[in-house]
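Visitor: Listed below, chain by chain, are the residues.
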Amino acid sequence: MSGTGIIPTSFPENGRKYLNAQDFQNGFDPVAEGHEMIRLITELYPICRSITGDGLRETLRRLQRHIPLELREVPTGTQVFDWTVPKEWNIRDAYVKNAKNERVIDFQKSNLHVVNYSVPVQRRMALAELKEHLFTLPAHPDWIPYRTSYYKESWGFCLPQKQLAGLQDEEYEVCIDSTLENGHLTYGEYFLQGETREEVLISCHACHPSLCNDNLSGIALAISLALRLQSVSRRYSYRFLFIPGTIGAITWLAKNEDKIANIKQGLVLTGVGDAGALHYKKSRKGTADIDRAAAHVLKHSGQSHEILEFSPYGYDERQYCSPGINLSVGRLSRTPHGTFPEYHTSADNLEFVHADKLGEALAVTLEILAVLENNGTFVNLNSKCEPQLGRRGLYRMVGGTADAGISEMAMLWVLNLSDGKNSLLDIAERSGLRFEAIRQAAEALEEHKLLRREWKSVPQAAR
Amino acid sequence: MSGTGIIPTSFPENGRKYLNAQDFQNGFDPVAEGHEMIRLITELYPICRSITGDGLRETLRRLQRHIPLELREVPTGTQVFDWTVPKEWNIRDAYVKNAKNERVIDFQKSNLHVVNYSVPVQRRMALAELKEHLFTLPAHPDWIPYRTSYYKESWGFCLPQKQLAGLQDEEYEVCIDSTLENGHLTYGEYFLQGETREEVLISCHACHPSLCNDNLSGIALAISLALRLQSVSRRYSYRFLFIPGTIGAITWLAKNEDKIANIKQGLVLTGVGDAGALHYKKSRKGTADIDRAAAHVLKHSGQSHEILEFSPYGYDERQYCSPGINLSVGRLSRTPHGTFPEYHTSADNLEFVHADKLGEALAVTLEILAVLENNGTFVNLNSKCEPQLGRRGLYRMVGGTADAGISEMAMLWVLNLSDGKNSLLDIAERSGLRFEAIRQAAEALEEHKLLRREWKSVPQAAR
Amino acid sequence: MSGTGIIPTSFPENGRKYLNAQDFQNGFDPVAEGHEMIRLITELYPICRSITGDGLRETLRRLQRHIPLELREVPTGTQVFDWTVPKEWNIRDAYVKNAKNERVIDFQKSNLHVVNYSVPVQRRMALAELKEHLFTLPAHPDWIPYRTSYYKESWGFCLPQKQLAGLQDEEYEVCIDSTLENGHLTYGEYFLQGETREEVLISCHACHPSLCNDNLSGIALAISLALRLQSVSRRYSYRFLFIPGTIGAITWLAKNEDKIANIKQGLVLTGVGDAGALHYKKSRKGTADIDRAAAHVLKHSGQSHEILEFSPYGYDERQYCSPGINLSVGRLSRTPHGTFPEYHTSADNLEFVHADKLGEALAVTLEILAVLENNGTFVNLNSKCEPQLGRRGLYRMVGGTADAGISEMAMLWVLNLSDGKNSLLDIAERSGLRFEAIRQAAEALEEHKLLRREWKSVPQAAR
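Chains as they are written, first to last, in this note's numbering: chain A, 601 to 1063; chain B, 601 to 1063; chain C, 601 to 1063.
Treat the hints as calculated values from the structure; they're not laboratory data.
Note that this is a predicted model, so its numbers are computed, not measured.
Accuracy of the hints is not assured; some may be wrong.
Heads up, the list lumps identical chains together, so a pair's fine if it works in one copy or across two of them.
[Unchecked claim] DSSO-like, lysine-lysine: derived pairs with alpha carbons at most 30 Å apart: (1) K687 / K731; (2) K1049 / K859; (3) K984 / K1049; (4) K709 / K984.
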């Protein structure tokens, strides 16, 4: 293992293979994994998170029970590129009481009731005045909307339209027991060293309060992924970020400019637990290895899915793919944000996320990473005509598989295209075969001294 | 303003903006513009034009009442590349009289009755002999065909099939009072200086006699365009040519070889008044800015339209796109020539062209030119992560528009892709947004010092 | 004519034109040609061929009656890249006799009854033991399968499933009167010199016993092609190989490495006589001239056809397109091997191949070669604007044809694109016109001194 970014000159030693689909599928039960994620989501659901403050801090501390996450604190007022770290927001209680002193809107029942980042209020007012601070979703009269006001000091309450309709024209007592003061922006970072210093970034936002899919599903998937990656050999190092959206990504990038060059590939994980199809959104480059690996794995997943072109609107890929950063970072989600009615409402709750969907997202993510881990360029040492596979036990009849269960078509493709110009992913794409079949074929051919790994171009990402 | 082709180092000064869709649409009434064009077409319709002679000269002189057109006279016998300027043809009268001395075919009723460029004739002959010089359209028995014989000395009459059928078997007096003598080829040229010497060529043929769509519609559109361009700031200079088809384009190119390098983009305008959909035919290059601008504008026009690949058959784009000239010149038409039955017949008359269609063609042409005028490359001065648009009043909520009515998606796209490699047209194409929205976003961002114009690559055409 | 690979500096002298579609179609009767091929197939059908031995030798000797084929003998044990030339196999007789001394399986009735390369056997055995050596096709109970065991010493019989079902449980006498001894691998080679040393390779396998489509159809097509090519001027030299599959191609390539660089294009011919559509399988490069020529000719053939992407599985294109050889060799077949039930069975017999299909395959192959022979780059000597075709008798009216029957659209396209960068095939592809129309247009324009052949880039394949 080396900390210099130099590629090791030998393939993982005997028996030590990088994360690959064949290995991780042994004893891998996606639904069981999904249930683990559901447990974590359930635990974190009630906490009132925001882009700063104790809710976010508490969330990260709970994640430390699973992985050795390091918490970073960046002071209010720190300049981060064009932005400034805002004041820290904390809230203890909030309510609206009617004339009978009943809490008709109560933060203790749902933290969505308070506009996130509301300044403190303690006043009595008539319904008419109050209404200017109330937000509902008329199209979904039972749901509470999720609203924020990070960069403009204001306050408000969110409530179901039905509840609003029932408010009497009387005087109300309004209380938001919050503070907005100098403090810190907190984020969590976990670096998992691989054989090289070249990194894969895994980023998820952790700033939304009681919302399950748009926040907690990504957090839970990142934790499961980290746990799984800890136990395998890795060519890449992995950096996990649990950050407040937008300002968190900007802060990390501004404070870690020296690390950006090491990040070769990356994924933003969010909204992976709903019942919709997986959607991979390409990086700004559009043809990065992560883009090709994700498209390849989804194509062979047998599940309906969609590949979205990059656009500068979305989650933190906006920052990672800004022109001066321009990382090879894509996004894995299910139904895209803003296109399902539950988005940013109280209906994005524990019933909206599903163990099987979370487990499937983990399996797909692992397979995407397995492609990155094992993608490399080989050279056919017998490039003039085919080698005689039969006398090496690698050929029985084409269309079937060889003694070792290796696909003969995959071997023929690997031999034919391994001229030093094609990576295994290139070969998988051109052949139409699954990367894992191509990888196994290359492994078998390398064992039989028919292929030589072209170290100078591994990892491909280093080019 | 500079005559050296050097690009000015400042954007048009405050309040002076190049032709753009936002501005020209203020108070722009396409149908009213179309009616102006119909008036001009109606005035020019009766004149007997040809590739040389007084009909062409008279037409150009009438255009001088609208724009300061310069008339050029090129003598018969002048060598122009592989061609020679032909003798000048003029005609005063022509008829066929029957035994009762009645004009059964009469040039005074329609100049289409005479084969264009017919040599003088004054003879009596039997119907059988006469018939060898008569041309009809059996499929459209009421229409007079349009026929020419520029490069082979001959004579003839064109008439409706019905009229031919009524001719008695008797002796006829045939008279064509024409001359074919040394003289000149005439064309009109109008140069409208812009901020740079780089030119957009606008070319239309003016050699067809009483044909409205295939001739006069292009002339009228070019005049309206010139009038409109006179009143706005222009980055490009504009050169308008009103020329006889083929020989006129060849003559201009042969006599103006030193000017060809200045022509960066161009349009042949013809057949723009019929009821069919707009058709843009690409230049030989196929990916010139004019090709991309036209495709972009038509795509966003909300009207049915077609983009045609280049082919070496058609109007004067044949010459502008010959391999040794190879200009970025496309063609804007409606129904392509030769694919509608009225083409080159007396049915291409005043009823065949429509004010609304002409006005729409003007609007589309202006918008295409507005793309060329404003296309340029900017550099995001805040390229690491997004700038904070909110504190500059440029961001309310994505999906809506900012205070100034600027599309936030357009701003995000401009910021994301302005890395010095993408022009505004590149950004419009990749984002799927209309160029004008992208231009306005760039303008707003430039005003807020978030973008810098990359002068060295403006105009893009100068590359 | 030159043996140095230098391109002649003059077009074929007056009256001597390279193979072209116009010429070869004169008096060309595809069905009559097909009947010639059927005659040859019928003659060769009974011979028991294998990858070595007298059946193969006898087949090649019979081909010598048609073309001056040279027979090469390569000794057993010769190392050819990763392979070794195997022992020579010969067989005189083979049978299984029942208790009544009746031949229940008889090599004399069909050579498919014996597993090709079976070692000698002379034994008596019970049905149970015999059955381990019997092969049938249960899905097609009347057909004999075709089986081989080249590289593993073993023996066996193939028979219809129905026949197997009728075998009594008794003792059988089993005899295979074969030899497997040191000897030679035989192949046939015919080199037809052209104006340059640059070669087109035509390869077919000749190792299958009584199978008509998968073997003999390719052999017969290659013979007809050779005969036809002998009688025309050729820019390319042609090398015909009649070889045992796989080991024959490997042997030729290993023994002729110095010749490989001369091979600029090539075709593997096989399975061209069945009733299915023509399928062209691209070379590994995918954009070689042979790939483009084949796609062009099939597109204009008016017949249903398919273009297949390269894959490393198939016939000898596997070797020609191995990464260290990487020739521009495609494959012409009809229904692809393995996708029709008759493949590798006794049903691939004389009734399975058709004279009209063979003739059509010959016509298509000739037209593909005619494209290669005549493809070149010309320069328009009059590149500024169009030349005046009318005064040269080359223009009557566009859409029709000129005096010489040359398409005017083809002339305009050739003139427009002959800027030294586009070959005639490029022009044919962009214009959508048939290559032959483009070639004729170029020929006429060259005769009128409007084009100059760019010798330095002819043949294009020499690049």
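Visitor: Looking back at the hints listed earlier, which ones does the structure fail to meet?
Guide: Hint check: 4 fails alone, others pass.
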